[in-house]
Amino acid sequence: MTGFDFPPPAMPPGTDALRAEVRAFLTESHANEGWRPDSDFGSDWSASFSRTLGAQGWIGMCWPRRYGGHERSALERYVVVEELLAAGAPVYAHWVADRQSGPLLLRFGSEEQRQTILPRIAAGECYFAIGMSEPDSGSDLASVRTRAERTADGWRIDGTKVWTSNAHRSQYMIALCRTGPAGDSRHEGLSQFLIDLEADNVQINPIVNLAGKHDFNECVFEDVAIPADRLIGQEGDGWRQVTGELALERSGPERILSTFHLFAALVEAAGPGPEPRLAEAIGRLTAEFYALRAMSLAVAGQLEKGDLPEVEAAIVKDMGTRFEAEVAETLRRAVPVEPVGVGGSANAPSLEAALGASVLGLPSFTLRGGTNEVLRSIIARGLGVR
Amino acid sequence: MSDETARLIEQTADDLFSAESEGARKALAEGAWPERLWQIFAETGLAQAALPEEAGGAGLAAGLAVLRAAGRHAAPIPVAETMIGTLLCHRAGAEVPDGPLTLYAPPAGALAAQPAVREDIDAANLPRVPWARIATVLAVGAPGHGLAFLKPSDVVEGANLAGEPRDDVAVSGPPDRLHPLPPEVDGFALMAIARAAQLRGAMEQVLAMSLRYAGDRVQFGRPLKRFQAIQHYLAEIAGEAAATGAAVDAAAQAPNGFGFAAAKARASQAAGTVARLAHQVHGAIGYTAEHDLHHWTKRLWAWRDECGNEAYWWQVLGAHAAQGGGAALWPKMVAASGSAVAETAGATVSSEGEGR
Ligand SMILES: Cc1cc2nc3c(=O)[nH]c(=O)nc-3n(C[C@H](O)[C@H](O)[C@H](O)COP(=O)(O)OP(=O)(O)OC[C@H]3O[C@@H](n4cnc5c(N)ncnc54)[C@H](O)[C@@H]3O)c2cc1C
Chain A
235 MTGFDFPPPA MPPGTDALRA EVRAFLTESH ANEGWRPDSD FGSDWSASFS
285 RTLGAQGWIG MCWPRRYGGH ERSALERYVV VEELLAAGAP VYAHWVADRQ
335 SGPLLLRFGS EEQRQTILPR IAAGECYFAI GMSEPDSGSD LASVRTRAER
385 TADGWRIDGT KVWTSNAHRS QYMIALCRTG PAGDSRHEGL SQFLIDLEAD
435 NVQINPIVNL AGKHDFNECV FEDVAIPADR LIGQEGDGWR QVTGELALER
485 SGPERILSTF HLFAALVEAA GPGPEPRLAE AIGRLTAEFY ALRAMSLAVA
535 GQLEKGDLPE VEAAIVKDMG TRFEAEVAET LRRAVPVEPV GVGGSANAPS
585 LEAALGASVL GLPSFTLRGG TNEVLRSIIA RGLGVR
Chain B
4 MSDETARLIE QTADDLFSAE SEGARKALAE GAWPERLWQI FAETGLAQAA
54 LPEEAGGAGL AAGLAVLRAA GRHAAPIPVA ETMIGTLLCH RAGAEVPDGP
104 LTLYAPPAGA LAAQPAVRED IDAANLPRVP WARIATVLAV GAPGHGLAFL
154 KPSDVVEGAN LAGEPRDDVA VSGPPDRLHP LPPEVDGFAL MAIARAAQLR
204 GAMEQVLAMS LRYAGDRVQF GRPLKRFQAI QHYLAEIAGE AAATGAAVDA
254 AAQAPNGFGF AAAKARASQA AGTVARLAHQ VHGAIGYTAE HDLHHWTKRL
304 WAWRDECGNE AYWWQVLGAH AAQGGGAALW PKMVAASGSA VAETAGATVS
354 SEGEGR
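Note that the protein sequences, when read in sequence, are chains A and B.
According to the working numbering, the stretch in the first sequence is residues 235 to 620, in order.
According to the working numbering, the stretch in the second sequence is residues 4 to 359, in order.
One chain only, chain B, in its complex shape (with noise of 0.2 Å):
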């Protein structure tokens, strides 16, 4: 993909979800679905992008760039779900339904004992589903289970922090359709790196937010970005942000299980502290309903913790840099983060290392 084509797609979803977010937020605290921006996101293609160039997509990194930019306008549809779906289906050869999809996906360890995308269990409780209500239920299972088209028997809606619909899903009966995916396809490291993708925009907007409220607003005389105390926390909000970018990119580039565990586990870690310094940038009119800081520091503190929180995912890079001893640390180190870029729907951390 040519780094036009890239800016290409970041700007046209930029300007769809920076035009259509607000009014889609409030339609969705009213209890609709934002239908008007489902419509175009689905016109434009943009639910495609993270699909290999050859299935009609630019590749990881632009699905990426999209989700970074739903981030940064919170904007209130599956976009991170439908996108990965959609992935996923490419990689299991299956047709990709219409409209909104969305993926029940329990980290590694959990798959084994999933049930509910096992042909021979037919009855589950999924929990916290995104957009259920809406949405055409995915599951994937532990590897060589596949991809799941599900049947729901009953949706119970539910809420995130930031009210983005994660609802519990019952099951009952088999599959819909099953599809064999790739043993390597991680379908709960996708969605998690498409997380920090979409925490990546978030806090971007968080920083800008903070910028123009520390130049806006004047206490003892002066702007509060006159203060040193406030210039240093907006640089560090500044590094978080940095630091998480860097992440996502480095794993947009060279995709792997440990570059998806690294993003998202730094982009978890950096989420509580943008949003702790925002709001002490702000003062109390950021602790309010009315201004819009909240939209973004709860999706912060939502979505560092969906897909696996900081913890979660150090463990897993834990357990697989203590393998090999101290000798393999730093050729592991660097073989994560190589710049080979081969085009993969995403692979679990394994014990042999990382490239792919």
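Here chain A stands alone, though its shape is the one from the complex (with noise of 0.2 Å):
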């Protein structure tokens, strides 16, 4: 039939088990490290809650043993990883490298690149950058111009890498360029290169957000020799490669779940008898989450079964990203709180910093990883109108 279908998954024997030991983790984490609980996956780094995290065995959880993973499946990552964002954990740090860096090596890699990299992730000590858009590419990423040149030894790179999140503190990034002509379908002459943040002589320099904090990155390579074994995969397979890297980049429950911390405020604040205003305010996200949660999970059904479900995962991204506002503006229209920002007051109680942070992230969750109007054009092809 027409449309699409998000056919719940028969979550593997163990689940309910393995979600207990993170809740149990969690509250001990929390309690001990005293980390300020917000759901969206980039709100904070900490390494040594990364590196806790690996030591449990919850970071590269799918890949194989010999690569530091765990062969779990992907529906149990999805349990672990909807238990931190829903708990608002620190997990900032080891994000991309899990998500998405890590399997991307896993596929296309060469066996060294996995060897030497793949168990740095899992252990939590190894992050990643995403290297795609540039001053003049952003939804439009076939066009990218940063030029990658063969050299008697290597490969030696040229250009602008822009938006670049986390550069100033990952190790590595994995940047798209061009190695060859964009042919007719603009989608050939592409390659993915492994770049060594620490020692490639790449200039990063800081670009504030509007937030006033310090995330992304402008990437300068000016004559960056890199050594030949850093391509990742087949020269002029980019575009196929990264293709699959936004599948993963947009399939997650991240795409749900950044302001779920507002969520349970609102809920909280409501008390225990809200009036049938506020109860149906509450019980109209109550609703969507519910559907939302259904089709993040099938995704991960169909990444578990070895799909990869663009369309599919476009759809959640496109609904999810728009429910994660719509929480903050409820929260905002229904309890009399202020938000707050930087500078807005040291003593801020928690809930009007949250708020605060939440309204100026909110703009970026509909833009970081394709915008939804990208995610909407995807969909329309999964439609066959486009």
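In case anyone wonders, no lab produced these hints; they're calculated from the structure.
Accuracy of the hints is not assured; some may be wrong.
[To be verified] Derived EDC-like pairs (lysine to aspartate or glutamate); straight-line CA-CA distance at most 20 Å:
(1) B:Lys154 <-> B:Asp219
(2) B:Lys335 <-> A:Glu255
(3) A:Lys539 <-> B:Asp219
(4) B:Lys335 <-> A:Asp250
(5) A:Lys539 <-> B:Asp179
Join the two chains, each given in its own frame, into one complex according to the hints.
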């Protein structure tokens, strides 16, 4: 039948025990480390938390043991990841490496790349930046102009990447570069490279975002020489590889959970017997979340089967990011709380600060990882009208 | 139930409804009961699909698949009412009467005061009972009041926006029979999930029609589907339909009051958006009586308000979610869509939660 089904996957045995284990770990971690809960995966960077999580076996969960992985299913990973986000744990440091860079290397990387890097990611000590966007290439990713030229003993890279989150605190970037003519499809002649941000003389210039935080950067490559073995996969295969990477970037529960801590705060503020209008507002979010979580789980079920559900993931991210915004808007309207941001007040109670962080964060949710307009075009293609 | 059985049942239903519904709608519009469609439906045993396997059915999910097909083809017979009526008879240990069934099932809050289902009160007026003119009228009451087989003394014919019979029923005299129902069986919530499944099917049809039309209709020298605004409308329709389907599937997999409420709320919310955008895509031709689109958009507009509209179910869910404070929200959400499948004929959203 026309349209898209999201069949509920059968959860592997032991899921409930795993969930309970993660919850117990998080309760203890929160009590000991005192992190401020924020469900946005990009809220807090904590190398020590990431290392602890790695020691628990909850990074690189689905990878082979010989690369430091744990050979768990995609659904088990889903359970761990959604519990981490719902609790608002500081997961940013390892997030990109665990979600997309590691899986990309596992699928396309050389044996040497896998052996040297994947175990460190799984240990929670190796972090990655995404080198896709450029000053003149945003949604139109195929138009990237950063060039990689073959040299006698490797490659030379010239160009500029921008909006590169965490380039200043990650060991590696995976950069999409032009290595040949674009061809009629515009998708030929692209290749991905592993760039060592600590060693390769990339100039990293901070860009402060509107919330006053330094998360993303401009990365300038001027005659940066890198060894031959840094090519990832096949020369010219970059578009196919990056498309798979983007499907992973878009498919997880972080696209529906970014403001879950505010949802919980709303429920807390409402008290046990909310008046009908407030109950209605909470119920609306509840119904939407019920549907979104079912869809998001179904996507994980498809990943588990080895499919890369690009269109389904686009649907979830488009609707999920709008839901995330609706949570903050509902809280704002329902509870008399004024959001505060940087410099607002050092003593701001946590709800004011959390709402402030979300109000300032929301514009990015519907941009990062592909804009909602681009997502809708992907859905339209899936419907056969593009 | 195996996936294969489920697929077969859905295919049988789809074949039947797709072949017979158009003619049946014409018959109904002329005031006739679609006898032929009903007969085949009854013979194939599709009304029993939602029963548990040991009772000769294939489970709630299979029943909802039949209802999805009924919605997809706008089948003008009381499929949902007969199916849920059959399920309630089973839960009450009552023999299932022949012929179409219908159900008077008011919302849980209104149940206690509902006289029709109490043996001690013998007069009531029951508004907008689907297909009462032709069907055996059952009624469910508050917990403990059981399932009643009513003896209507008068039926005043009416219809919903889509022209489906919704009749006012007067009852005088005690019910024919009254069977106790297990207290957790919530007839209203079961009708809600049934309507949600029909809404889902109707949305699929509306999406299919919109895609077809956007491919055929040419303006400015291009088919409409080449315009990005239209592409994005189509993507949104598909998204709303998918969210509805996911909620219904999740509620079928883990049947409980929370899931039923969420699925109907999500379906009712989606219905308005889907109908609005589909009409926008179709232009004036879609606004005519001649074009088929309205058979489905009118059902979307009618069904979203039947069996509790989104605001009703949002309030039920919101009141439930608010109990236990912010820290309980996440565990509650996870438990509601838990993968444990319990065979059940519905449950109320209780204060303790939803695991059953
Ligand atoms: C917080 C944050 C972190 C990020 N981190 C990274 C990172 O780590 N690495 C990285 O590579 N990138 C990163 N990005 C960049 C992100 O991927 C881009 O912002 C995104 O792809 C959009 O590109 P753009 O900003 O150039 O906007 P543009 O592409 O210029 O788009 C501007 C507007 O036009 C719309 N538009 C563009 N093309 C079309 C079209 N064909 N049809 C309809 N509408 C269209 C867009 O949807 C958008 O609304 C990050 C962005 C943010 C906000």
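Against the structure, the hints come out as follows:
Proposed proximity of B:Lys154 and B:Asp219 is contradicted: the alpha carbons are some 52 Å apart, above 20 Å. This hinted pair checks out: B:Lys335 and A:Glu255 have alpha carbons roughly 17 Å apart, not beyond 20 Å. A threshold of 20 Å between alpha carbons decides the hint, and for A:Lys539 with B:Asp219 the separation of about 36 Å lies outside it, so the pair is violated. Under the criterion of a C-alpha separation no larger than 20 Å, the hint pairing B:Lys335 with A:Asp250 is consistent with the structure, at around 14 Å.
Among the hinted pairs, A:Lys539 with B:Asp179 is inconsistent with the structure: their alpha-carbon atoms are about 54 Å apart, more than 20 Å.
Hint compliance for this structure: hints 1, 3, 5 are not met, and every other hint is.
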